[in-house]
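Colleague: Protein sequences, first through last, are from chains U and P.
Under this note's numbering, the first residue of the first sequence carries the number 1, and numbering increases by one thereafter.
Under this note's numbering, the first residue of the second sequence carries the number 1, and numbering increases by one thereafter.
The hints are simulated quantities; they were obtained by calculation from the structure and are not laboratory data.
Since the model is a prediction, treat every value here as computed from it, not as a measurement.
Each hint should be verified, as a subset may be incorrect.
Stated by the list, open to error - Mimicking BS3-like on lysine-lysine, the simulated pairs with C-alpha atoms at most 27 Å apart in a straight line are:
| no. | chain 1 | residue 1 | chain 2 | residue 2 |
| --- | --- | --- | --- | --- |
| 1 | P | K411 | U | K101 |
| 2 | P | K66 | U | K8 |
| 3 | P | K254 | P | K102 |
| 4 | P | K16 | U | K98 |
| 5 | P | K312 | U | K8 |
| 6 | P | K129 | P | K60 |
| 7 | P | K411 | U | K8 |
| 8 | P | K66 | U | K98 |
To be verified - Over the 10 Å line for every Cβ pair with chain P, so calculated as not near, a few chain U residues:
| no. | residue |
| --- | --- |
| 9 | H9 |
| 10 | K45 |
| 11 | P59 |
| 12 | S75 |
| 13 | G103 |
| 14 | F113 |
| 15 | G154 |
| 16 | P168 |
| 17 | M169 |
| 18 | E170 |
| 19 | A195 |
C-beta: ideal position from N, C-alpha, C; glycine also.
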Amino acid sequence: MKAKNLWKHIYIWILIVFTLFPIYVVIESSFNPTGSLASSSLIPKQFSWVNYKALFNNPAVPYGAWIRNSVLIASANALISVFIGAASAFAFSRMRFKGRKAGLQTLLLIQVFPSFLALAAIYVMMERVYTVFPAIGLGSLGGLLLIYLGGSMGVNAWLLKGYIDTIPMELDEAARIDGASTVQVYWLIFFPLAAPVLAVTALLSFIGTFNEFVLASLFLQDVNKRTVAVGLQQFVGAQFGQNWGPFAAGSLIATVPLVIVFLSLQRFIIGGLTQGATKG
Amino acid sequence: MNRLAGFTGLPAQIFKICFIAIVDAILIAMFFASTHKHATSLAIVIALVALGANFVYFAKFTLPFKFLFPGLVLLVVFVVVPILYTISMSAFNYKTGNEISKGQAITQLLQTGLAPDSANTTYDMVLGKKDGDWAALLTEQVSHQVYLGTLKGTTKLEKGSYTLNSLAIAGATAGFTPLTADQTAASDSAIGALKFPLGNGQFIAPQSADVAVLLTQSLVYDSKTDTLTNTALNRTYKDNGDGNFANVKDKTEKLLPGWRAFNNFRNYTHLFSDPTVRGPFIGVFVWTVSFAFLTVIMMFGVGFLLAIALDKKIAFRRFYRSILILPYAIPSFMSILIWNGLFNRQFGAINGLFHTHIDWFNSPWLAKGIILLVNLWLGFPYFYLISTGALQAIPAELEEAASIDGASPRKILRLIKLPLMLQILSPLLISSFAFNFNNFNLIYLLTAGGPTDVLHGKTAGATDILITYTYKTAFGSSEQNLGLACAISMIMFFIVGSLSLWSLRRSKVLDGF
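Just chain U, same shape as in the assembly (with noise of 0.2 Å):
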């Protein structure tokens, strides 16, 4: 280790204890039998899975129904939004129609206001909705997924519109000439294509539900309809102390998978965060 690059060392040493500092203290109370954290110590004395049993053998903490609700609306989500997002992408980066520059103008604007900006106005529209059709009104998750669906159109039609640019235009024309029309040319040349660009999307597009907090607090106020984020804040905002332990289980249970998910894939992800970047 040379002496120049020592600062580089100490300060990426400060840096790791700053990150693992969180993540070691909720692997350790996980797994403290205690369940508070007061007695938490860094030193882990005791171990044992009971954080892990409680959280699935209690009524009032339907925890399975959490995961099962947030992995079903980001899933729905993620696979609907990019398959609709993909289409309007398509047409924007291989056709030439009337109104195109105006229509992409306008869903980059649009794309770029959060939709929980209007969660007021969302919330009485949906209180209308609700008594009407109940299942995809307030307090339904279908109600929630249109939502999130409308969300995502501006933001997934916009990214898939610039991986679809970088498609060579060759290979539409050579099919076209084959007689294809533009309908086959979507479905047998364009979707395998494109299909890793996007899964990754989708990939994102699922990790960005599974973390979306206000609208789902605000629609979901059933115990049993609540996503993992709307449900593990409550439950632990309800009694800090006592429900540390299990609630520690509960957030490595839902991160892990995430997690792993990501750090295999890191090198697309990353991959297109910089794209922005130096294409800007």
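Add chain P to chain U, keeping to what the hints say.
Modeller: For chain P alone, kept in the frame of chain U given last:
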């Protein structure tokens, strides 16, 4: 082309027609369900979507719109309409006490403007039908006088013209059919609205399925002058233009409930002129801007320095990197809740570690510091990643040329790399500013906007940013002011929108199509 053959011709056509038929069937069913419940605006939206779908998918010249339509519908119905609705709500006096329409408010006022007579006259009641319409046999509990009430009027019945039932009250008379128990149970809500007029503004109204009381209408509505008059107190109330009926002689005496009334965008002027609204709003606004600014600078500073420190020459680079991007991989709501727990006064690991008893979230300055620290934890990996990307995008020749000219590495960093990086990253810095400007999760899950000085009547907490303040204004526990919340939302739309637009103009994205 064999592989493509299956997608064309008759099968594809049949599939398309079946699919659209199913969509149409669902939309038509939804349309009739809405008209049935008198949800006109909902019905119009559904009808437009159905008509649009059929037009786009059956007309010949709309190819691009066949691809755009589903996304367009979702975007318009669930993003554009709420934005437009936010604009319209922001022009209304729409808050707790002013939530219903004027017609509903008048109905409720008239219902509450009822008073029992001084003797509290009560009747035992048998409900039934006469000539196909609602009627009731009413036996006064004190005098045992029997009346036959119909919707047109109430008549006294002489002894002998009715027969008593097992409870010793009038149970049957000519032309009157009593309800069965099942019928009574089924028409619960209809019974509650029944009134059997007596004349002189008095009437008998059911209180339950078998008891009725004598009521006097003390509040009278005159639709010609749009006024309400309290006949007992001899007071007149007039529409005050702000969603309430107010006493003509004393404007502060308002009748409740009011209604949501168009108030000429007064919510916006309140934000700047009404001291009870302006005070908290300006405080929150200043903190929002300074928080977003400070946090982006901190995250960028730490992330950029890490990108320099973690260059290619460092051993274990990949290992360090995997650890240091962990905060970016963990769902942020989870990390925020965890940090909240760590700073808990009684049970938190931080007080435990240092053997202190600091009430972190109860001091405005400590709470603000924690917010910046936690957001730094959450955000520095992102800035490290984009800084690394940007550093790699700077041509190596620049560095070489500068070092040949005798510049020290530090000088190269300060005079060449940093300015170039700022230029490359400025769109991302601006969008990060916009994101943190609206970072609801961070504030709400960490401090919930607190600490709030409730003792001094403060409505906004020390760490509230505009979006959490809007949320409190719209859905708070004491008063919910949706109109004001929408006005604040619009101001945020404006700030974030113009910032993004400015950034897009600079990066020339808008010209590139």
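Colleague: Are the hints correct? Go through all of them and say.
Modeller: Against the structure, the hints:
| no. | hint | result |
| --- | --- | --- |
| 1 | P/K411 to U/K101 | violated, 44 Å |
| 2 | P/K66 to U/K8 | violated, 56 Å |
| 3 | P/K254 to P/K102 | holds, 14 Å |
| 4 | P/K16 to U/K98 | holds, 26 Å |
| 5 | P/K312 to U/K8 | holds, 12 Å |
| 6 | P/K129 to P/K60 | violated, 60 Å |
| 7 | P/K411 to U/K8 | holds, 17 Å |
| 8 | P/K66 to U/K98 | holds, 14 Å |
| 9 | H9 | violated, 8 Å |
| 10 | K45 | holds, 14 Å |
| 11 | P59 | holds, 22 Å |
| 12 | S75 | holds, 15 Å |
| 13 | G103 | violated, 8 Å |
| 14 | F113 | violated, 6 Å |
| 15 | G154 | violated, 6 Å |
| 16 | P168 | holds, 18 Å |
| 17 | M169 | holds, 15 Å |
| 18 | E170 | holds, 18 Å |
| 19 | A195 | holds, 17 Å |
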